[in-house]
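If you read the protein sequences in the order shown, they are chains L and X. Using numbering that gives the first Met the number 0, read the first sequence as starting at 0 and increasing by one per residue. Using numbering that gives the first Met the number 0, read the second sequence as starting at 0 and increasing by one per residue.
Worth flagging that the hints you see were computed from the coordinates, not collected in a lab. Be aware that a few hints might be false.
To be verified - Computed footprint of chain X on chain L; a stretch qualifies when at least three of its residues, placed anywhere within it, have a C-beta under 8 angstroms from a C-beta of chain X:
no. : segment
1   : 48 to 55
2   : 75 to 85
3   : 112 to 122
Said to hold, decoys possible - Not close to chain X: a few residues of chain L, all C-beta gaps over 12 angstroms, as computed:
no. : residue
4   : ALA106
5   : GLN165
6   : SER240
7   : SER244
All residues carry an ideal CB built from backbone N, CA and C; glycine is no exception.
Spelled out, the chains give:
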Amino acid sequence: MPSFPNVRLASRPLHFIYLCDCSGSMAAQGKMQALNQAIRQSLPGMARVARENPEARVLVRAVRFADRAHWHIATPTPVEELQWQDLQAGGVTAMGEALDLLAEQLASPPMEERALPPVLVLISDGQPTDDFETSLGRLMRQPWAQKAVRLAIALGHDADLEVLQQFIGPDPSSGQAPGTVPAGGVPAGEVPGASGEMPRHAVAGAGRSDRSPRRPLQASNATALAQYIQWASTAVVGAASMPASRVGDGQGGTSGAGNIPLPDLPPTLLDPVDDIGPVVW
Amino acid sequence: MIACSVIGASHRRQGKPCQDASLARELRSPRGERLLLLAVADGHGGSRYWLSAEGSRLACDQAAAAVEAALADHDLADHERWEQLLADELPATIQRRWLAAVEADWRQRAEAASQAFSPLTYGSTLGLALLGPAWWGHTGLGDWDLVRLDGASTVLVSEEAELGGPAEATASLCLADAARRWRERAGLVPLAPTTPPFSLLLSSDGVRKSCATDADFLSLSAHLAELADATTLAEGLAQITAAGSGDDVSVAIGHWGHPGDQAIGPPPPQPSTAARRARLAPLLISAAALLALGGLVAGLALGWESLLRGRQAQRPGASPSAKPGATASLSATARASLELESRRLCKQPQLIAPSLAQREPQFRDLLSGKLLAPVLIAAAARDPLGALIAAGSQQLADGSPESALLRGSCVELRQALDQQWRLQRQASGRMPPAPQPATAPPSRP
Numbered sequence: 000m001p002s003f004p005n006v007r008l009a010s011r012p013l014h015f016i017y018l019c020d021c022s023g024s025m026a027a028q029g030k031m032q033a034l035n036q037a038i039r040q041s042l043p044g045m046a047r048v049a050r051e052n053p054e055a056r057v058l059v060r061a062v063r064f065a066d067r068a069h070w071h072i073a074t075p076t077p078v079e080e081l082q083w084q085d086l087q088a089g090g091v092t093a094m095g096e097a098l099d100l101l102a103e104q105l106a107s108p109p110m111e112e113r114a115l116p117p118v119l120v121l122i123s124d125g126q127p128t129d130d131f132e133t134s135l136g137r138l139m140r141q142p143w144a145q146k147a148v149r150l151a152i153a154l155g156h157d158a159d160l161e162v163l164q165q166f167i168g169p170d171p172s173s174g175q176a177p178g179t180v181p182a183g184g185v186p187a188g189e190v191p192g193a194s195g196e197m198p199r200h201a202v203a204g205a206g207r208s209d210r211s212p213r214r215p216l217q218a219s220n221a222t223a224l225a226q227y228i229q230w231a232s233t234a235v236v237g238a239a240s241m242p243a244s245r246v247g248d249g250q251g252g253t254s255g256a257g258n259i260p261l262p263d264l265p266p267t268l269l270d271p272v273d274d275i276g277p278v279v280w
Numbered sequence: 000m001i002a003c004s005v006i007g008a009s010h011r012r013q014g015k016p017c018q019d020a021s022l023a024r025e026l027r028s029p030r031g032e033r034l035l036l037l038a039v040a041d042g043h044g045g046s047r048y049w050l051s052a053e054g055s056r057l058a059c060d061q062a063a064a065a066v067e068a069a070l071a072d073h074d075l076a077d078h079e080r081w082e083q084l085l086a087d088e089l090p091a092t093i094q095r096r097w098l099a100a101v102e103a104d105w106r107q108r109a110e111a112a113s114q115a116f117s118p119l120t121y122g123s124t125l126g127l128a129l130l131g132p133a134w135w136g137h138t139g140l141g142d143w144d145l146v147r148l149d150g151a152s153t154v155l156v157s158e159e160a161e162l163g164g165p166a167e168a169t170a171s172l173c174l175a176d177a178a179r180r181w182r183e184r185a186g187l188v189p190l191a192p193t194t195p196p197f198s199l200l201l202s203s204d205g206v207r208k209s210c211a212t213d214a215d216f217l218s219l220s221a222h223l224a225e226l227a228d229a230t231t232l233a234e235g236l237a238q239i240t241a242a243g244s245g246d247d248v249s250v251a252i253g254h255w256g257h258p259g260d261q262a263i264g265p266p267p268p269q270p271s272t273a274a275r276r277a278r279l280a281p282l283l284i285s286a287a288a289l290l291a292l293g294g295l296v297a298g299l300a301l302g303w304e305s306l307l308r309g310r311q312a313q314r315p316g317a318s319p320s321a322k323p324g325a326t327a328s329l330s331a332t333a334r335a336s337l338e339l340e341s342r343r344l345c346k347q348p349q350l351i352a353p354s355l356a357q358r359e360p361q362f363r364d365l366l367s368g369k370l371l372a373p374v375l376i377a378a379a380a381r382d383p384l385g386a387l388i389a390a391g392s393q394q395l396a397d398g399s400p401e402s403a404l405l406r407g408s409c410v411e412l413r414q415a416l417d418q419q420w421r422l423q424r425q426a427s428g429r430m431p432p433a434p435q436p437a438t439a440p441p442s443r444p
């Protein structure tokens, strides 16, 4: 067996970053408590996926935003070492400032040359109260933000879906302008809420042609929220841990939409507008 | 030369095939010219590219066939032609051949009955490096890397430019405008016989992505380039993917100027027809002398020798008996090559003596007349040091443009040349003891 002295071989870091709305409205109807619980319960599954994909180093961080945005977990933390500290609700919705914090960390450096596409999960129940669009523009100028898998979870019916869609990015299959949300739900089996590639069965022709998987996930209750968080932290992390190279057209696009092929949602979450359990939000 | 592809650790775990392919092959032209071809191809691996393992294999095969055909048609000495070939014609040919090959493969599959053919299914990158006696070049498209290594440095000479947009995106043979994209990765670098030995290491992206930084990648390349057998290389690559990216990994390694059968190196100096005749003359004379025992052929042989001597006498400095004072016309290309080589050596005076010491045969043959100074000088573009040595030869006149050029060079070079000429003359018994420095001409041997 040859040896390679003075060469650091390394698995590729996979940065997973939560952006959590902690505005006052999150205190209502147990949303904050449900979010804390969902994230905490997802950690063992996320750690299992990380163990199954040793070529990726899953590193978790979190931003909280209310009157101001702050790093809740500032240090990229290996998932198996992560201990979730509960978020507290109170204040307005400085979502734009949260994106500014994120943009700083997605610059190269501090991002590593060989990082895997980061996974960014924005969770909100309301509307930004600061200059979201300017901050989003700054964020999206970072190449790592463009390469990221951007997911959004809308808590309840007051969440601003257009803002969340802007964060995910335009849905090319909707035929609508960026920032607008197509009406209706997502056909069974498709992947909503992900800036990822069309799922396999959708490519094969299933579903309605005017629907898109790249839309905010709408969680109407604690159960749905937990399942979305679980899906993002396991299935999506698994997919992002072993990305396949794909064809780039040299114009900043690919021959297929999205950054990485994403797995389907679990069967109970086939349609993001379906209610799962009692509607409480 | 050596090439190896190893399945990625994560692909092995998922039961996927290795979607990389690679080759290192020596090609020979009908004229006997040798060319080393290195290739790596990386199938895309996503579900929509489900036959990319075939795509990468066919990419290497078709590239080898296309380069071999080009070698049959084009002299390796024609650098400009090969530069064009690498940038334009080979890409178009390989692209066409690959498309035909993957479509033929598709037609043999059961899926062809129900699905339309799409080259996307076979999507792959392709990187090529070519090592000839007097140049090396590269071409291709996609996220492969090419590193050049010699004793002094390890340099990343070609990598894919950032495409922008989504992650893990790369140019591919399956793109409609693929042939156009090769030009960005094409290049040709001329070599001189004085070029120190070096190696080229071509690798798929899984190797670089397994390293913490680019500095680690270059260090790893240096280690890999020293591996001599396929088994050790395969073990090393398995180690790299397991500790690194988990992706399939491929490398192809070729050497230039190294000892060994498989390395390629500079061409031997090509003397002119007159010089070859001059070199053959003693043999002809000997043979004729033997035949002369019969009494009839001796006269003819002597006549031939006289004929040769007469011809050589018409060429300045063309024989050991050529008188000092002969001149050679100096073309602009030769002058530029001589000046460039002179400047190169004068910038690195520590290289002068070792470089000249390696050229002992040229000094000796110039002294004996087996080599003609004008011939070496005419080939200055290919062997600038040989031309520089010839410029100091007594075959040329003191006032020749070559010797004038030499007098304008740095003192270190002039002294080293003087010293080498003295040594060679002493060794050949053609020279009286070296003159005292005070009386020695400043720049002539």
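The hints, checked one at a time:
no., hint, result
1, 48 to 55, "holds (count 4)"
2, 75 to 85, "violated (count 0)"
3, 112 to 122, "holds (count 4)"
4, ALA106, "holds, 15 angstroms"
5, GLN165, "holds, 18 angstroms"
6, SER240, "violated, 8 angstroms"
7, SER244, "violated, 5 angstroms"
Taken one by one, the earlier hints fail for this structure at numbers 2, 6 and 7, listed in ascending order.
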